[in-house]
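Those protein sequences? They're chains A and B, same order as listed.
Position 136 (the first sequence) corresponds to 136 in our numbering; numbering is contiguous.
Position 51 (the second sequence) corresponds to 51 in our numbering; numbering is contiguous.
In short, the hints are calculated from the structure, not lab data.
Be aware that a few hints might be false.
Said to hold, decoys possible - With the C-beta cut set under 10 Å, the calculated list includes, among others, these residues of chain A facing chain B:
| # | residue |
| --- | --- |
| 1 | V8 |
| 2 | L44 |
| 3 | L45 |
Unchecked claim - Listed below are the simulated EDC-like cross-link pairs for lysine to aspartate or glutamate, each with C-alpha atoms no more than 16 Å apart in a straight line:
| # | chain 1 | residue 1 | chain 2 | residue 2 |
| --- | --- | --- | --- | --- |
| 4 | A | K60 | B | E55 |
| 5 | A | K47 | B | D35 |
| 6 | A | K145 | A | D134 |
| 7 | A | K47 | B | D33 |
What the hints assert, rightly or not - With beta-carbon atoms standing in for the labels, derived distance ranges:
| # | chain 1 | residue 1 | chain 2 | residue 2 | range |
| --- | --- | --- | --- | --- | --- |
| 8 | A | A106 | B | K32 | 15 to 23 Å |
| 9 | B | D45 | A | S87 | 35 to 43 Å |
| 10 | B | T27 | A | V8 | 26 to 34 Å |
| 11 | B | G67 | A | L109 | 28 to 36 Å |
| 12 | B | T27 | A | Q103 | 53 to 61 Å |
| 13 | A | S87 | B | T30 | 26 to 34 Å |
| 14 | B | E2 | A | G51 | 45 to 53 Å |
| 15 | A | E92 | B | T27 | 31 to 39 Å |
| 16 | A | T95 | B | K32 | 41 to 49 Å |
A virtual CB, placed ideally from N, CA and C, is assigned to each residue, including glycine.
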Amino acid sequence: MSTPEIFVVDAEKGRLSLRLKKGLYPMDAIYGAAYVLIDRSYLLLDKDDDGNVLVHIQAKAGKTDEQDLNTLAGDFANEALSQVLRSRVMREHKTRIESIISQAVAGGLGISAGDDLGLDVLDGDEDDLDFLDDPLGIAVPWEEKFKRSASEERPDTRDDGTDSPQPTPADSGGFQPVKPEGPSE
Amino acid sequence: MEVRFHQQIYNKGAITDALEAYSEFGTFDTTKDGDYIVVEISDPDSDFSAVLPQEIANYVLANVIEGRRD
Numbered sequence: 001m002s003t004p005e006i007f008v009v010d011a012e013k014g015r016l017s018l019r020l021k022k023g024l025y026p027m028d029a030i031y032g033a034a035y036v037l038i039d040r041s042y043l044l045l046d047k048d049d050d051g052n053v054l055v056h057i058q059a060k061a062g063k064t065d066e067q068d069l070n071t072l073a074g075d076f077a078n079e080a081l082s083q084v085l086r087s088r089v090m091r092e093h094k095t096r097i098e099s100i101i102s103q104a105v106a107g108g109l110g111i112s113a114g115d116d117l118g119l120d121v122l123d124g125d126e127d128d129l130d131f132l133d134d135p136l137g138i139a140v141p142w143e144e145k146f147k148r149s150a151s152e153e154r155p156d157t158r159d160d161g162t163d164s165p166q167p168t169p170a171d172s173g174g175f176q177p178v179k180p181e182g183p184s185e
Numbered sequence: 001m002e003v004r005f006h007q008q009i010y011n012k013g014a015i016t017d018a019l020e021a022y023s024e025f026g027t028f029d030t031t032k033d034g035d036y037i038v039v040e041i042s043d044p045d046s047d048f049s050a051v052l053p054q055e056i057a058n059y060v061l062a063n064v065i066e067g068r069r070d
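Sequences are here, hints too, so could you generate the full structure?
Next up, the structure:
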């Protein structure tokens with residue numbers, strides 16, 4: 001028996017019937033293939049006494065010949081095979097696919113693994129924040145934020161109350177001879 | 001006219017849902033016959049009588065498939 005076996009062809013009524021050997025195609029694949037063809041044909045699924053699945057297909061298009069029906073049967077068989085392969089790939093790569101999708105979703109939200117968003121500040125009693133409040137300091141301009149710390153680190157702008165002379169361009173480390181200390185002759 | 005739905009392939013809920021959707025187009029009577037749920041169609045709408053059983057069968061099949069995906 002070839003699979004799927006075409007066992008009824010009625011070109012006049014545009015109908016044919018397929019027999020799919022039991023166990024060869026999972027039911028999910030048969031349902032999937034039927035769903036793909038449902039817009040251009042009428043389908044009725046059945047089972048025979050041996051447990052084989054019967055697929056009765058009737059073309060929706062008014063006039064059909066035997067070749068059209070054979071094409072329809074071939075399309076169904078191809079789609080069933082495609083569904084089997086698809087479900088097999090899904091099963092084998094399920095973990096990898098889930099991982100890629102979750103990373104993509106997290107990336108879309110701007111979250112990378114282990115990120116602390118610092119949103120704890122917004123929890124608890126901070127629900128009555130006004131729209132002008134800025135608990136995370138996001139609205140502080142860059143100049144204002146870094147001005148103080150930058151000036152603190154510069155020694156020429158340090159104001160510690162001592163009268164230390166301000167360095168000049170001449171203090172660039174030129175040769176300064178030092179008189180050697182020691183017994184004079 | 002009648003449509004026979006094998007119970008290992010179709011479920012009762014999908015059939016009931018389809019018959020409700022097509023209630024304007026005919027009168028339906030559902031019985032059980034071994035492994036099959038048999039839908040008897042009477043007083044079909046004259047404009048759709050030629051395709052009513054097939055349309056119902058497609059609707060039931062789509063219901064079953066979409067129900068499995070949930």
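So, going through the hints one by one against the coordinates:
1. V8: 16 Å, violated
2. L44: 5 Å, holds
3. L45: 5 Å, holds
4. A:K60 - B:E55: Holds - the C-alpha atoms of E55 of chain B and K60 of chain A are around 10 Å apart, at most 16 Å.
5. A:K47 - B:D35: 10 Å, holds
6. A:K145 - A:D134: The hint holds at about 14 Å.
7. A:K47 - B:D33: 14 Å, holds
8. A:A106 - B:K32: 15 to 23 Å: 51 Å, violated
9. B:D45 - A:S87: 35 to 43 Å: 39 Å, holds
10. B:T27 - A:V8: 26 to 34 Å: 30 Å, holds
11. B:G67 - A:L109: 28 to 36 Å: 32 Å, holds
12. B:T27 - A:Q103: 53 to 61 Å: Since T27 of chain B and Q103 of chain A have Cβ atoms about 55 Å apart, the given range 53 to 61 Å holds.
13. A:S87 - B:T30: 26 to 34 Å: 33 Å, holds
14. B:E2 - A:G51: 45 to 53 Å: Distance hint for E2 of chain B, G51 of chain A is violated at roughly 23 Å.
15. A:E92 - B:T27: 31 to 39 Å: 50 Å, violated
16. A:T95 - B:K32: 41 to 49 Å: 44 Å, holds
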